[in-house]
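Chains D and S: place on chain F using the hints.
Residue numbers (my numbering), protein chains in the order written: chain F, 1 to 327; chain D, 328 to 436; chain S, 437 to 751.
Source of the hints: derived by calculation from the structure; they are not laboratory data.
These numbers come from a predicted model, not from an experiment.
No residue lacks a Cβ here, since even glycine has one placed at the ideal position from N, Cα and C.
Among the clues, some could well be false.
[As the list claims (entries may be wrong)] Computed footprint of chain S on chain F; a stretch qualifies when at least three of its residues, placed anywhere within it, have a C-beta under 8 Å from a C-beta of chain S:
#, region
1, 27-34
2, 52-59
3, 74-83
4, 291-300
[Unchecked claim] Each pair of labels, with its calculated beta carbon distance range:
#, chain 1, residue 1, chain 2, residue 2, range
5, S, Pro734, F, Pro119, 19 to 25 Å
6, D, Lys357, S, Ala689, 39 to 45 Å
7, F, Pro119, S, Pro597, 22 to 28 Å
8, F, Arg318, S, Ser697, 22 to 28 Å
9, S, Pro597, F, Arg291, 20 to 26 Å
10, S, Pro734, F, Thr247, 34 to 40 Å
11, S, Pro734, F, Asp209, 46 to 52 Å
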Amino acid sequence: MTTPDAAEEEHQARFDATIARDQRVEPRDWMPEAYRRTLVRQIAQHAHSEIIGMQPEGAWITRAPSLRRKAILFAKVQDEAGHGLYLYSAAETLGADRADLTARLIEGRQKYSSIFNYPTVTFADVGVIGWFVDGAAICNQVPLCRSSYGPYARAMVRICKEESFHQRQGYELLLTMMRGTDAQRAMVQDAVDRWWWPSLMMFGPPDSDSPNSAASMAWKIKRHSNDELRRRFVDMTVPQAEKLGVTLPDPELRWNEESGRYDFGTPDWSELQRVIKGDGPCNAERMARRREAHAEGAWVREAATAHAAKQARRRARRAEAPEGAGV
Amino acid sequence: MSGTEQHGSGGAGRGPQEGWPLYEVFVRGKRGLNHVHVGSLHAADDAMALGHARDLYTRRNEGVSIWVVRSSHIAASTRDEKDPFFAPSADKVYRHPTFYDIPDDVPHI
Amino acid sequence: MSPAPETPGTSQAAVTPEPPESPAAPGSSPAAGTDHVYLSLAEEHDDDSGRWAFGTGFTDPLHGVDTAVPPGVDGAALASLCLELADDALVQAQRLAEWCTRAPELEEEVALANIGLDLLGQARLLYARCGRADGTDRGEDAYAYFRDPADFRNVTLAELPNGDFAFSIVRLLVLSTWRLAVLHRLTGAQDPVLAAVAAKAVPELTYHRQYAAQWAVRLGDGTEESHRRMRAALAQVAPYLPEVFASSPADGAAVRAETVSVLEQVLAEAELAGALPVPDEPGSADGREGRHTAHLAPLLAELQQVARAHPEATW
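Excised from the complex, chain F in its bound form:
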C-alpha cells in the first residue's frame, strides 16, 4: 500500500470521480468527513421535519368533518411518520444513531422545517398544507431523488411518490370546499392568506444568504438553489390558485412576459429568522409534544427491551440444556 496521505488522496480522487460521473455514493464508500456531516445534518433535519410535521395536521384527524376525509388525513399523517422513518434509516447508514438524533431534536440542537411552527386554525388548513406545503416539499424533494448519496436518493423516491398523493388530497379538499358554502370559501381564502408566505420561506433563505448551499450543490447533495426552487414553486402554484378561485396575498405577483415566469414579492426574512430561532407561534408547543411523547414512551421501550433480553436468556438456557441439544 501507499502512504496514508497518498491513500487519502486516492480516496478523494475516486470520490470526486464518482460525483463527477453522477454516480451514487454508497454507505461504506470512503467519503470526506464534511460530506458525511452535511448529509447527516440535512437528512436528520428532514426526518425531524416529517415527524414534527405530523402535529399540525394530526390535530385535525379526530375532527375531520367526513369519514372519507378522516381516513385520508389519518393515512397521510401516518405516511409522514413513515417518511421520517425512511429518512432516519438513511441517516443511520452514515453511522448516525436514531436515539442520538432524537435527542438532538428534543434538546433543540437540530432544527426542523420552520413551516411546522405555524398553527392549523381551521380544517381548510389541512387542504392548504397539502397544496402548498406538500407542493413545496415536492419541489424541494424531487431533485433529491438524484442526490449523490444512494440511501438518501432512494428514500426520496419513495417519499416523493407518497407526497404526490398528499398534495392531490389537499388540492381536492380545497376544490370541494370552494364549491361549498360561502363560509367554506372564506375559510379557504383565509388559510391561503396565512400559509402563502411561510410556504415560500420553506425553501430557505435567499441564495445570497445561504452559507451551506454551495458545498451541497458541489457535492450534488442538493441540485438547485433555494431561489430557483422557490421560483419553480410560484410558477407551479399560481395557475392552480387561479383554477381554484383564490387570491394569493402578494400585490407584486404578476406574469413577466419577458422571462416567461412570475415575478413575486420578497418574503419577510426577519420572520423566518425569528421562527428558526425558536420564536414562531408554535415552536414551544411542537417541541413539548415531541418531548412528552418520547418521555412517556420510555417505560414502554424499556419494557420491550427487557422482555427481548429475557427471551434471549431463555433461548440460551434452552440451547445449553441437554434436551435442547438436538434442536
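Just chains D and S now, with coordinates in the frame of chain F:
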C-alpha cells in the same frame, strides 16, 4: 440488553441502553422476484421487527414476503476493516458493492 | 430466530386484494405538467408500484357483490347489527387517532394508525350497509356525525379514554379478540354484503389481535413497571367484560368461550395469568341500548364539531 448480550452492538449502535436495535428489512414484492433491501427500522425483537416491517414497508400489500435481520448480524465485504463504515471500495467498479446496495430495480427474469 | 419467514405475522390469504390507489398516476394531478415530477419518477422506478403502498387505500371489498338486501333478510335487524358493529369500530378508531404523535416509538405510530384505519374502513362499510338495510339510504356521515351519544350503540369499553399504553393495549387485545370471534362467524351471514365486510375484517382483526397480544406479553413480561401497569390496566378493563360478552350478536356462549380462551393464553405467556378476572354474572348490554359512560359525549363532540358547525357544507 438483548443486543449486547450476544455480540457487541453493531457499528452504528452507540448507546444500546437507549432505543431498540437496528434491523435491516428485505421485501419480496411479487412472486418470482428476489428479496430486496428496502431500509431499516428499530425493534426490540424479531417478531416486532417483522410487524414493523409489514406496517412500514409494505402497508397492506398481499403476497409479499419479508425478511428482517439485525444489522449487526450482516457481514459485508470491505477491504479495510479498520474503519468499516467508511472503508474504501478500492479498485472495484462498485455497482453493487456492499452492505446496503441492493438495486431498487430488480429485473424481471 | 426465524431467518426467512415467508409471511409476516398471520396469514392474509383471505384479504380482498387491495392494489395501491396509484396516486402517482401522471396527468391526474392538479400539478400535472409541472416538471413532469411524477412522470419521471414513474419512468425510472416503474417496478416499485408492486412493492410500495402509498397510503392506505380503500378499495371496494364489495366488488361484484349484490347490494340489494336479499329477500328473507330482516332489514331492521340487519341495520341494527351493522350499526352496532360500525359504532364499535368508529369509536375505537377515534381513540386510536388520539394516539397520533403520542405513541411510545415512531414505528408504533405507523402500527397504531394502521389499526385505526382498518377499523375506520370497517365502520364506513357497515354504516353504508346500515343505510341500505334500514331503508333510509343515509350515507356513512349521517350516522357518524349527526347522531347524539344516546343513539350510539358501541360497547362502553371502546369509549373509555386511552389511559396509558398498557390500558390501550389491553383494551385492543380484548376488543380485537372479541370482534374477531364475532366477525369470523359473520363471514357466513345470510346478507352477502355483511358477509363480505366480515371477510375483509377477519384478517385485519387477526393482525390487530396479534399486535396487541405481542405487546401484552412484552409489557407483562418486561420490567416491573410495565408489569404493574398491565395489572392495573387489566383490573380497569375487567368490569367491562360482562357488557362486552352480553353484546355479541349471536353465538354468545361460543364467542365468549373463544375470547376468554385466547385472553387466558396470552396472559399466561405475559406472566399475568389470573390478572383478568372474568366475572361470572351475565352482563347488561349497556352501550347497545344507548347507555354510555360520561366519556362518549366529549369524544363525539370533538368528532362532530366541524361537521355540525357547517351542516350545509360539502367536504
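Verification of the supplied hints:
no.: 1; hint: 27-34; in the structure: violated (count 0)
no.: 2; hint: 52-59; in the structure: holds (count 3)
no.: 3; hint: 74-83; in the structure: holds (count 8)
no.: 4; hint: 291-300; in the structure: holds (count 7)
no.: 5; hint: S:Pro734 to F:Pro119: 19 to 25 Å; in the structure: 22 Å, holds
no.: 6; hint: D:Lys357 to S:Ala689: 39 to 45 Å; in the structure: 44 Å, holds
no.: 7; hint: F:Pro119 to S:Pro597: 22 to 28 Å; in the structure: 25 Å, holds
no.: 8; hint: F:Arg318 to S:Ser697: 22 to 28 Å; in the structure: 26 Å, holds
no.: 9; hint: S:Pro597 to F:Arg291: 20 to 26 Å; in the structure: 22 Å, holds
no.: 10; hint: S:Pro734 to F:Thr247: 34 to 40 Å; in the structure: 38 Å, holds
no.: 11; hint: S:Pro734 to F:Asp209: 46 to 52 Å; in the structure: 48 Å, holds
In summary, the one numbered hint that this structure violates is 1.
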